[in-house]
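When you get a sec, could you build the whole thing from the sequences and use the hints?
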Amino acid sequence: MENTVEIRWHGRGGQGAKTACLLLADAAFSSGKYVQGFPEYGPERMGAPITAYNRISDTRCTVHSNIYDPDYVVVVDESLIASVDVTKGLNPEGAIIVNTPRTPAEIRAELGGYTGRVCTIDARRISEEVLGNNFPNTPMLAAAVKVSGVVEPEQFIANMEASFRHKFATKPQVVAGNMTVLTQSMQEVQVG
Amino acid sequence: MSIRERLSGNEAVAYAMKQINPDVMGAFPITPSTEIPQYFAQYVANGEVDTEFVTVESEHSSMSTCIGAAAAGARAITATSSCGLALMWELLYVASSSRLPITLALVTRALTGPININNDHSDAMGARDAGWIQLFAENNQEAYDNYIQAMPISENPDVRLPIMTCQDGFITSHAVENIELEETDFVRSFVGEYQPENYLLKHENPLAVGPYGISPYYMEAKKAQAEAMKRAKKVILEVGKKFGDATGRYYGFFESYRMEDADTAVVLIGSSAGTARAAVDALRAQGRRVGMLKVRVFRPFPFDEIAQALSGCKAVAILDKAESFSAAGGPLFAETRSAMYDLENRPKAVNYVYGLGGRDFRVEDCTRIFDELDNIVETGETGEVYRHIGQRE
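Protein sequence lines, in the order shown, are assigned to chains A and B. Residue 190 in the numbering used here sits at position 190 of the first sequence, with consecutive numbering throughout. Position in the second sequence counted from 1, then plus 192, gives you the numbering used here.
Watch out, some of these pointers could steer you wrong.
Away from chain B, derived, C-beta distances all over 10 Å, residues of chain A [what the hints assert, rightly or not]:
1. LEU22
2. ALA82
3. VAL84
4. LYS88
5. ASN91
6. GLY113
7. ARG117
8. GLY132
9. ILE157
10. ALA158
11. ARG165
12. PHE168
13. THR170
14. THR180
15. GLN190
Lysine-lysine pairs mimicking BS3-like chemistry, simulated, CA-CA at most 30 Å apart [as the list claims (entries may be wrong)]:
16. B:LYS425 to A:LYS171
17. A:LYS167 to B:LYS425
18. B:LYS210 to A:LYS33
19. B:LYS425 to B:LYS415
Just so you know, the hints here were simulated from the structure itself, not pulled from any lab data. These numbers come from a predicted model, not from an experiment. Every residue, glycine too, gets a C-beta built ideally from N, C-alpha and C.
Here you go:
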């Protein structure tokens, strides 16, 4: 579809890739876009590879198939690179964003010749430093927004505060930490 | 004024239920039921509705609950999916033959064997002969809109039949997309109060429900059901028009998409119609005269209207997201092809079984079908009519 940004998420069950996908849909919706956010369902269990998808556009996208030629790929767990062809169909004009402490150059060497941008972010470290636990999806969401530009960063931050207040209605004490994670992650993402 | 929102199909239907505030919901509270009763249970717990929410031990009992409640004169609803619907089977027939206008929100999913939780229409198509009205949605918007139209159709005194509003499992039910919601005041006035003329507990004129139908009476009861299903057609159109006049979103038996002057067309149900729409647009941009007919109402089947809509085509492909093991094609194919029998210059027709157990259906698949239809038009040879697409051999 013309003018539709397509994003594919790779994660493992329990890491929140689906939640991040739905939060991205939320953020894009709040900025006036038409959105789709949908996970691929199967017999989920903790740690199993899962895939989720976003379509974001200025007009309603009616296609209801999975995404095979994404503009962006987000890898929430870098160990998946060894077992899943994460760059399959990925637009060379787009980018892949990987959760890793390593550099873009090191990751590129493992991506089978992908020529587009390779971006990295140490989502685990940021999450553990700020939230005291490994919740990689919030940093990955921030990195995906920064790299793809599907939502203006300032608008994104403003929208997410409201989304977090809604999502964490029963534990408002975690909102501030998640907001810090978002801004810090947008600064730290490395583009190579 | 419509309200711009983003919701999954499950959330959209649960929200419509909240706006309607029905009397009773019977629901099996875990898998294979859907998120719909889960969301609705929150509305109940928060006091946002005053529905009697009855959690039961099986889907057989959730439909029994609805039957009891509806017989007593209440507006009763439930929601289920897949093998949950299969477990209701016996009671589906009790509900329809007792002429109880129960509303069932179905999230269509495969029936197990091999074990599978993903989307197809096996559950709904299996229940097609149960005497229920069946409406199908392409997306969350239609799931919401169909739900709001369901009760005015099924409770109409000329109809009094239960109704199933169907949306595709996961593809629609779990996908978040934009949606236009209507104000609750509008929804309540559109749906109205349920005021049955007779019911079990009406003290001045109590109604017997579920008596034995001996042979001298059984067939009359069935004929009456069949006549009610025929009358439902007029009511479905009236309600769809009234809804459209108020919201700008009009509904009929089916949607004809770019069918004017189309030489070839696909006929299908549900979320894949959106994918077919993209294929049609791309091929139209190349100058090819292609169209799509999306069936919204499968029961009652709009026999004459579908035939008329397809009458100008040279070849059509009818797509079934269910395998009926007739060895000759799926249910939508059988009925659509039969409908075209009386046309003077009837199009050639082929069947594609697709999308079983969540098998993805892509724009490219639909384009391939149009290519094969062109081949039929060019050669005049239909070839094998009963085909499958998307599976490995």
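Tested hints:
{"no.": "1", "hint": "LEU22", "verdict": "violated, 6 Å"}
{"no.": "2", "hint": "ALA82", "verdict": "holds, 25 Å"}
{"no.": "3", "hint": "VAL84", "verdict": "holds, 17 Å"}
{"no.": "4", "hint": "LYS88", "verdict": "holds, 14 Å"}
{"no.": "5", "hint": "ASN91", "verdict": "holds, 17 Å"}
{"no.": "6", "hint": "GLY113", "verdict": "holds, 25 Å"}
{"no.": "7", "hint": "ARG117", "verdict": "holds, 27 Å"}
{"no.": "8", "hint": "GLY132", "verdict": "holds, 29 Å"}
{"no.": "9", "hint": "ILE157", "verdict": "holds, 19 Å"}
{"no.": "10", "hint": "ALA158", "verdict": "holds, 17 Å"}
{"no.": "11", "hint": "ARG165", "verdict": "holds, 17 Å"}
{"no.": "12", "hint": "PHE168", "verdict": "holds, 17 Å"}
{"no.": "13", "hint": "THR170", "verdict": "holds, 13 Å"}
{"no.": "14", "hint": "THR180", "verdict": "holds, 26 Å"}
{"no.": "15", "hint": "GLN190", "verdict": "holds, 30 Å"}
{"no.": "16", "hint": "B:LYS425 to A:LYS171", "verdict": "violated, 51 Å"}
{"no.": "17", "hint": "A:LYS167 to B:LYS425", "verdict": "violated, 43 Å"}
{"no.": "18", "hint": "B:LYS210 to A:LYS33", "verdict": "holds, 27 Å"}
{"no.": "19", "hint": "B:LYS425 to B:LYS415", "verdict": "holds, 16 Å"}
The structure fails hints 1, 16 and 17 (numbered hints given earlier, in ascending order).
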